[in-house]
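For the record, in the sequence shown the residue sitting at position 79 is 79 according to our numbering, with numbers rising by one throughout.
To be clear, the hints were calculated from the coordinates, so they are not data collected in a lab.
Fair warning: this is a prediction, and the values are worked out from it, not measured in the lab.
You may find that some hints are simply not true.
Okay, the calculated beta carbon distance ranges per label pair [what the hints assert, rightly or not]:
(1) ASP118 x PRO58: 47 to 55 Å
(2) ARG42 x ALA62: 18 to 26 Å
(3) ALA95 x ALA68: 27 to 35 Å
(4) VAL124 x ALA95: 36 to 44 Å
(5) ALA68 x ARG42: 20 to 28 Å
(6) GLY25 x ALA46: 16 to 24 Å
Where is the CB? At the ideal position from N, CA and C, for every residue including glycine.
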Amino acid sequence: MDPVRYRVLGTTQALRPDGTPVPVGGARLRALLTVLALRPARTLPAAVLVGEVWHGDPPADATGALQALVGRLRRALGADAVESVDGGYRLAAVADDVDAHRFERLAGEGLRALADGDPAKAAVVLDDALALWHGPALADLPDRTAEAARWETRRLDVRRARLTAALSLGQADQCLPELTALCDVHPWTSPSRHCGCAPCATPAARHRPWPRTRTYDSCWRTGWAPTRAPNCAPCTASC
């Protein structure tokens, strides 16, 4: 039987092999599934699960409440979906069953392709990675601040890499609106960089009055422009 797929890059969901959502009702139940899905096939002690699901405010009978919650999750996903192990529980899944871990795998592949000088492959793989997102990371985790921030930072890195690939492929018109928006929202995420090509590196080029040149200049100053652009493909249309 094909495995259930899990989504945590947004509202937590369980999906049957045909893509049909499995009803997982209740904030606590989704929180439990989120915690388990982040660590598929790993045993999590009951105390850890209680702490993350109830976020420091456990019920009087925390063990019994957790057992009841696990029972509800098994009824929703199937009796074998959550395994009991001495002192804890684990989700019967592999990393690729969870969107967050597929995202990490695809992100790594795309970044390697970009580093190896293959922006076309990088663009395809990074698009696949970003398509896995459907909302804020770990939206159903009560205390999501630190863990979610790590995933959101990783997503930002992947978006930047995807834009770098697009610029390297000469797709400035398609990607500069998103690049501009990212410059506005995240102006200080990295040291200032420039593309390194002679036409864009000159002061005259960076002060020409065309809109796309001003956009590129803004991103150049805040570090969102790529570190290199072969043959100045991204910006010759404006420069």
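Violated hints - listed by number, lowest first:
4
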